[in-house]
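In case you want the letters, here they are:
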Amino acid sequence: MGEETHVSTTAVSPETASEALAALRWKRPLVHCLTNDVVANVTANALLAAGASPVMAHAPEEAAVIAARAGALLVNIGTLTRDRVEVMVAAAEAARAAGAPWVFDPVGVGASPFRQEAAARILAIGPTLVKGNAAEIVTLATGRPAGRGVDSEEGESRAVQDAAVALARRLRCAVAATGRVDLVTDGVGVLQVHNGHALMGRITGSGCAAGALCAAVLGAGAPALAGAASALAYFGLAGERAAAGEPGPGMFQARLLDELAAVTPEDLAAGARITA
Amino acid sequence: MGEETHVSTTAVSPETASEALAALRWKRPLVHCLTNDVVANVTANALLAAGASPVMAHAPEEAAVIAARAGALLVNIGTLTRDRVEVMVAAAEAARAAGAPWVFDPVGVGASPFRQEAAARILAIGPTLVKGNAAEIVTLATGRPAGRGVDSEEGESRAVQDAAVALARRLRCAVAATGRVDLVTDGVGVLQVHNGHALMGRITGSGCAAGALCAAVLGAGAPALAGAASALAYFGLAGERAAAGEPGPGMFQARLLDELAAVTPEDLAAGARITA
Amino acid sequence: MGEETHVSTTAVSPETASEALAALRWKRPLVHCLTNDVVANVTANALLAAGASPVMAHAPEEAAVIAARAGALLVNIGTLTRDRVEVMVAAAEAARAAGAPWVFDPVGVGASPFRQEAAARILAIGPTLVKGNAAEIVTLATGRPAGRGVDSEEGESRAVQDAAVALARRLRCAVAATGRVDLVTDGVGVLQVHNGHALMGRITGSGCAAGALCAAVLGAGAPALAGAASALAYFGLAGERAAAGEPGPGMFQARLLDELAAVTPEDLAAGARITA
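Chains as they are written, first to last, in the UniProt record's numbering: chain A, 1 to 276; chain B, 1 to 276; chain C, 1 to 276.
Derived from the structure by calculation, the hints contain no laboratory data.
On a predicted model such as this, the values are computed, not experimentally measured, just so you know.
Watch out, some of these pointers could steer you wrong.
To be verified - List time: in silico SDA-like cross-link candidates among lysine to any residue, alpha-carbon distance up to 20 Å:
id, chain 1, residue 1, chain 2, residue 2
1, C, Lys27, C, Pro265
2, B, Lys27, B, Thr264
3, A, Lys27, C, Gly201
4, B, Lys27, A, Arg202
5, B, Lys27, B, Gly51
6, A, Lys27, A, Gly221
7, B, Lys27, B, Pro265
8, C, Lys27, C, Gly201
9, C, Lys27, B, Gly201
10, B, Lys27, A, Gly201
11, C, Lys27, C, Ala98
12, B, Lys27, B, Ala98
13, C, Lys27, B, Arg202
14, A, Lys27, C, Pro265
All chains should be modelled from the sequences, with the hints used to inform the complete structure.
What follows is the structure in structure tokens.
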């Protein structure tokens, strides 16, 4: 491994991930989640297991107030409605005004023009991080739907990386494209996170929980690129540990929460696989 | 056992169920779920565990678009609202126009006139399959509320069978009435599915998941009568296996997903108990 | 321990809790839940595991009809919207008119003026029991937000007890303030429930499930003060048993349902720790 690669890797080394998790555990950030109906429960439980404090509140009368007070905001469009778009816009603007990091998860953005238009409005507010699966990131970058559903995977192809980098440059934010290998970029550097397990694709809400954990790590003070890579490594490592013994998806789901609680910063220092 | 009975049984034999599950695993149909808030997560997980691909989307701006593209549609009125009725009608019409199978699950239809009126509107569109518990099917067939709540069971009485047959004839579709023994009919033949376990009634959403699995099996190409019986036998067999060792309802819920993933077409050929 | 204390304790003795659970198992009350989106599933499963029968229905067209027929009503404002407030008011009025007990759980009431105003409207209808965590009860009693989020805990301080008693006197109802030790009061007597485990705070919805179980016990005929203490002792004992072996939060969540089903009235007689 060359010196240059070594230096880049160190910039988001296992130690960085370890520190990000330690900060999360220490600060217990309040993460405001505007997420989809299907995964609200598992998202809240993932945040609690990780050590953060979730709050779900989507009434227009209070969403902006709560977003402004929270340590971070998650906006996830999985089961979007017109009313919810307005709430998301207001909350994202409040988070931005308050200087709080906010994460956008464009779930199923290619499924309809309605979601694409909503995503465009939300993106215009300037998220700290966009985290989607490969198909969703390609859809956002190119404006053309890619993949058929929310559980698509495209792997770590060059096309995905190009899309992520282009999107990050255009939006001036960090972008994470998840898949067998996760890519995270700020438009300049690109990190690859090799943690994870195929069982994570067999349960609903794992991608959504990943977005929430990114928000929690950013809410605990980590910078966007290193924080997103750290959160994805942490989540992936928990998934690897939960998959030990090849459980079925039901037991895996329970164990994944167990491992989110059990993984220590030291475990993450030893187990994070992040490369530049 | 007479020849005639033998022939009818063979028409939806364990081999038929096995083939239906094999097709589901091979085709991985996209199942659009308009279902209730309480069970959305477990429904998505049941579909993923079974090998299908769930999509939940209930905005009026996109529900019909997604329904038209999906392999099958599920309409479940468990936590109905007026807005949701309109979305269900639009999506059902889109599915019908696209030639995609769609399943109606009249959860708690006897609970209020509001649900009965909504059910009447939805049924008029012409579902491929109506799947309810015995009380719900009797309510739809007679127009009079039967049973007090959504977790009612009435067993496999003659009254239930008569109601199911009458409903199937009136609607010209298949009807499944679940209970200790599930009845499935197309208005001519009646099949009994003997798989299942009492623990399935101790967790919320098992009936709703059964409806979703019916939609998935139909979405993979199975005809309505045989497909519904196959899906219910598959779900019931998974429940039997998950109940081994008499777990409590919490562990049973996790294991049920495990078994939905673990049951193979060969297991189903050996374990399906479908009689005419 | 003095005679007077002994008498007061006996008034809500382990035997009382045992009888309350036996009545719940026998009567299987229908509990209408107007609760938040995040915990609807776990609330339904907790009620089923306990032996009650849950029904979730929040359409304005049917909520009052269903509330009037149910054995008890739960109103929980965790993910409140303006429309839902109207439904809660209508359902609470229907429950009151029908003479059915109803429980108010002011989740996160301190999070926004919107929730405080909604809580004030709902409280004016006259709940049978208000069950909140310590911060929520203090917020209701003082009108000033206490605690930062829904997972706050304040312990069993004198301030919490004073707030609970004042609130109970003002509303002329029972009040339960949960925490490391739960306090239950009718404005005159104060009971302490010592059952429970710290893991219950590591999963979402445990407080919400506690409120639902209170509604179920009241729906089975128990008086408010003794019923609430009994329900909280039952839930806490299930939590203690589920925590045996120090599982992670995912497995704990599954086991908690298992133990809600497994705890017998005899177990509760032996394990309830309620003091005056």
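Numbers of unmet hints, in rising order: As far as the earlier hints go, 8 and 14 are violated by this structure, in ascending order.
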